[in-house]
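Q: Once you have looked at the hints, place chain B on chain A.
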Amino acid sequence: MADVKTVEKKKYSRMDFTSDQSVRWCPGCGDYAILAQTQKVFPDLGIDRENIVFISGIGCSSRFPYYMNTFGFHTIHGRATAIASGVKIANPDLSVWVVTGDGDGLSIGGNHTIHLLRRNININVMLFNNRIYGLTKGQYSPTSEVGKITKSTPFGSLDRPFNPLTLAMGAQATFVARSVDRDTKHMQAMIERSHKHKGTSFLEIYQNCLIFNDGAFASMTNKESKADHVLHLEHGQPMLFGNENKKGIRLNDNVPEIIELGDTYSIDDVLIHNEQDYVIASMLANFTYLDIFPDPVGVLYAIDVPPYDELVVQQIDEAIGQHGTGSIKELLNSGNTWIVE
Amino acid sequence: MKKTLKNVENVIIRFAGDSGDGMQLTGGRFTETTAIMGNDISTLPDYPAEIRAPAGSLAGVSAFQINFSSKDIHTPGDKVDVLVAMNPAALKVHMNELEHGGMLICNTASFTKKNLTYAGYESNPLADGSLEDFFNVFAIDMSKIVLEACSDMDLPTKTVGRTKNLFALGLLFWIFDRPTETTKSWLRKKFAKRPELIEANVRALDAGYNYGETTEIFTTRYMVDKADLPPGTYRNIVGNYAVSLGLVAAAEKSNLPLFYGGYPITPASDILHILSSLKHHNVKTFQAEDEIAGMTSIIGAAFTGNLAVTASSGPGIALKGEALGLAVMAELPMVIVNVQRGGPSTGLPTKTEQSDLFQALYGRNGEAPIPVIASATPGDCFYTAYEACRIALKYMTPVFVLTDGYLANGSEPWLIPDVDNLEPIEVKFADTSILIDGQFLPYMRNKETLARPWAIPGTSGLEHRIGGLEKEDGTGNVSYDPENHHQMTLNRQQKINNIVNEIPPTDIYGKTSGDLLILSWGGTKGSCRSATEDLQKEDKLVSHVHLRWLNPLPKDLGEILIRFKHVLMPEINMGQLSKIIRAEYLVDAQGLNLVKGKPISKHRIIEKVNKLIGS
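Residue numbers (numbering that gives the first Met the number 0), protein chains in the order written: chain A, 0 to 340; chain B, 0 to 614.
Among the hints, a few may not be true.
Just so you have them, the derived chain B footprint on chain A, three or more residues with Cβ under 8 Å [stated by the list, open to error]:
{"hint": "1", "stretch": "38 to 52"}
{"hint": "2", "stretch": "79 to 85"}
{"hint": "3", "stretch": "88 to 98"}
{"hint": "4", "stretch": "302 to 315"}
{"hint": "5", "stretch": "320 to 328"}
Derived by calculation from the structure, the hints in this document are not laboratory data. Every value quoted in this text rests on a predicted model; they were computed, and no experiment measured them. Glycine included, C-beta positions come from ideal geometry on N, C-alpha and C.
Only chain A is shown next, with the shape it has when bound in the complex (with noise of 0.2 Å):
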């Protein structure tokens, strides 16, 4: 009998996906804890590291594969989302990361951005929102508040602002989940999370920009403000948040309000999260931007339908097994010919 091997996965440190290149991004910006989350959780997604794509187009997000010690692409403003879905239909076996930010993603690429979404490749999106064109030297994003004063907008910015998870949801992406930068726990897991979702997820996370947009999400990650601020999303748990969780979501007659736990309420009247259900989840993205809801992190959407990439390995297979595989001198000789002498 022959020797049987068993074949060990390979054993990552977090230095094995640190790259050789110095991270240069602004002291203090929150990419650097994003990335530090994302090198502490990759050695424990148990995909060999030279199958790991990460793919970015152009702004301050998008350096993140250089400091990544993966095979890596910097490519151009926008095109990350279309160059990442080459890249998974050419070779499916790949772990396929996008890196991008709210004016690469949205803003020039948001085309790109949405068909990625509906056609529902197996792949990646850390769309790091920070509200701001940081590269450029702060102009205002197509993700800041009305308002915004900003060099390009002096006396305030006049159009409203996408929020990119209904956007996602009306793509009919497959996965839709937030996270924070200043939440390194919350954000490891989403990002395991995205990992195992089969199809693309769609990951936001929101990021502080220090020089050109510092406290955006302060109310979410100072100490004080927070616990009213965020709605942390578990899926099959009752939607609380405030201190000690004395508050929660209900639906009246379908519309949600705010309750508090106590003599007239009690958990049982709060809504529980379903993270299958696309009307709970639209309704909970569109919770951003209108200041009486508490802003939801965690997943909101998950569901599975086929990705784009397996099925046309699929259609390869049927086509091979109703053909056979092709010949191009068979191709070439194939229809009308004659034979001159």
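A: What follows is chain B alone, placed relative to chain A:
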């Protein structure tokens, strides 16, 4: 009644009608049969951009021209011998290109008052005698005859009426002594699920054939002998199909999966359609959300180790420009096909032009050299696509293939290539044997070609990062160093210059020196060759050189050019290649620049040559 059979060398037929009259189909069927009969052929479809322009309008006229011959021919021809005009608008648009004394066949049923007015006729030209002085007119009520032929069938009049093009085809088959069987078996396949349509169309076809045979209107049939083509197995081929086959051949020979990313655009869409049907050849087609995604998806596929290809036309190529720069910077192999059409902007989507040469050569920011190869004939599209793949993979570079609307939709009989004789394509992905002291250098170069290694994701030990920022020579790390940038600019240019070593010595048709050299590229080859043949018959010292590679240009071109007193460059643009030739070789190349959305006629070339050298 006795019918005479007359032997002729060459016939040019144009089928013209309304967009809905099925003229492309009719032309296609005539072509197929004629090709199988062994004639040399060249075809030119000419259709409007509108799918259905208002019926009967001048804008809605669709035409298909075929030139077939017992001799070697290179173009669809200029003036036509036979014009089939299915309605007054078709007659109006195409009458001027019918030879005096030529055969004019019209469907009288559509010469109604309304259609006549629509086409701008005050009176019916078929009735007022205005045509008989010039042409041999055959006015036939085709619609009525097909209705009679199908009168015992339970089919709507409208459906039967649509078979009138098959009547015209059958008549032409009779006139030119061709069999109807190929078309019948094609009909049986096409309408396999609608037997009643097979029956109606076959009846219409036979009705046309029998009309020629039995009526006394037609007294002469014409025969065109087989052409003296090199021996071998032939098929009829259009350019877009040939491109697709060339790509599939390159994928098979290089043992790579073919990845095609693209967005629908006239006249390139057929490449997407054809490749989509070849999944069992391990072809992945990705209809992207836009031209940019078409381009960038193939950059991703190239990074991942597939044979990556996109095709488009001018406006689409413009959108791909920025990504092409990335492809140059990342030094990844891929092929971009531009099926050129009339420009600028939306221009003339269904017409041909050669005006995207500068776009291919220079249409990017920065110094971003890309090799450019151009197809000369529909069949040649196979070889240029194959060659482009070979060079892209060998030199790790994007490569442009320029075809055009005329080549893409035009056809010719094609000697099927022997795959075993195609130049081999060897691809070796990098592995850890390439490491130097444990380090991988993504921009370390092959000494002969200057190509960098192709290290694809999935290869343990070769994890590396690349991108659009300037690279440090060797390591590929981001570098802002001025000397390094200069050096890398030179490296990228030199790598493309090295491709000159792949170009065989230039073939000169005619004497190696003389009074005038016709220098051509792309789809104008046929007209230039025909013009040269005619001029040489008159003992003119005229030779012809056709360029296949436009970047780099062949090594020996400069020394050839100076051996001629004049250099004439016919181009369907305002003189794009002639500007380059003048700049590169300091010769007084003269242009013949006709931008009319159609191939340049040989007569215009001959006229211009005679002007330059004196007739």
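Q: Now look at each hint and say whether the structure bears it out.
A: Hint check results:
For the stretch 38 to 52 of chain A, the proposed coverage by chain B is satisfied: 6 residues have a C-beta within less than 8 Å of a C-beta in that chain, meeting the threshold of three. Counting residues of the stretch 79 to 85 of chain A whose CB lies closer than 8 Å to any CB of chain B gives 5, which reaches the minimum of 3, so the coverage claim holds. For the stretch 88 to 98 of chain A, the proposed coverage by chain B is satisfied: 5 residues have a C-beta within less than 8 Å of a C-beta in that chain, meeting the threshold of three. Counting residues of the stretch 302 to 315 of chain A whose C-beta sits closer than 8 Å to any C-beta of chain B gives 3, which meets the bar of three, so the coverage hint holds.
Only residues whose beta carbon comes within less than 8 Å of a beta carbon in chain B count, and the stretch 320 to 328 of chain A has 8; three or more means the coverage holds.
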